[in-house]
Amino acid sequence: MSTRAKRPLNGVRDSGFVGLRSSMTLDEVDCERRGYKLTKTVLGTGAYAKVKLAYVMESKVERDKRLASDLEEKGHNMVAIKVVCKKKAPPEYLSKFMPREIDSLNSTCRHHNVIQLYETFHTESKIYLVMEYASRGDLLDFINSRSRRGVGIGEELAKNLFRQIVEGVAHCHRRNVVHRLDEELF
Numbered sequence: 001m002s003t004r005a006k007r008p009l010n011g012v013r014d015s016g017f018v019g020l021r022s023s024m025t026l027d028e029v030d031c032e033r034r035g036y037k038l039t040k041t042v043l044g045t046g047a048y049a050k051v052k053l054a055y056v057m058e059s060k061v062e063r064d065k066r067l068a069s070d071l072e073e074k075g076h077n078m079v080a081i082k083v084v085c086k087k088k089a090p091p092e093y094l095s096k097f098m099p100r101e102i103d104s105l106n107s108t109c110r111h112h113n114v115i116q117l118y119e120t121f122h123t124e125s126k127i128y129l130v131m132e133y134a135s136r137g138d139l140l141d142f143i144n145s146r147s148r149r150g151v152g153i154g155e156e157l158a159k160n161l162f163r164q165i166v167e168g169v170a171h172c173h174r175r176n177v178v179h180r181l182d183e184e185l186f
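So for the sequence shown, full-length UniProt numbering puts the first residue at 1; every next one is plus one.
These aren't lab readings, by the way, just hints derived from the structure by calculation.
Be a bit skeptical, because a hint or two may be false.
[Unchecked claim] Under the rule of at most 25 angstroms between Cα atoms (straight-line distance), these lysine-lysine pairs were calculated in the DSS-like manner:
1) Lys40 <-> Lys96
2) Lys37 <-> Lys82
3) Lys86 <-> Lys40
Predicted model, so just to flag it, every value in this text is computed and none were measured.
Generate coordinates for the entire structure from the input sequences, incorporating the hints supplied.
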């Protein structure tokens, strides 16, 4: 392992003690126990889940070689953590769709055009999915922001983005995972 992966990135150090501090939420405590420093930054929301930005703690990087390798390649120590509230989610989602999502993410791992799932863990009330952080943001937001400014994305960039999408979807199909497409596209 390189020296970069051994030292804490962005100054996230382990305190050696993970306990409930008055300013910490239960989600923050749960994540810290697993080696992640959950932030207040919300990357996305859904009916029963929120995706938040988190930093990987030094001790976690030292224990998880795959995660350390991916973070080293990306040059940061950030991950996205999807926090699913079991109380808000319908039973069918928890018993059928959530396991299917986890299986699909596990099946499609190790491709540069597909978001990676690093780890899952759960408590009595929450399910946590630790995923690769897409530091450049959402593709649709990027295209829409350029369109609103009247710039567009141009043919060359459109071809490059389309190629990346097709490569990612083909990777999923080779692993018998079908990506659900939005009906509005058709």
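Status of each hint after checking the structure:
1. Our distance criterion of 25 angstroms between C-alpha atoms is broken by Lys40 and Lys96, whose separation comes to about 29 angstroms.
2. Between Lys37 and Lys82, the direct Cα distance comes to roughly 13 angstroms. Compliance with the 25 angstroms bound is thereby established for this hinted pair.
3. Taking the CA atoms of Lys86 and Lys40, the gap is near 20 angstroms; set against the 25 angstroms cutoff, the hint holds.
Checked against the numbered hints given earlier, this structure breaks only hint 1.
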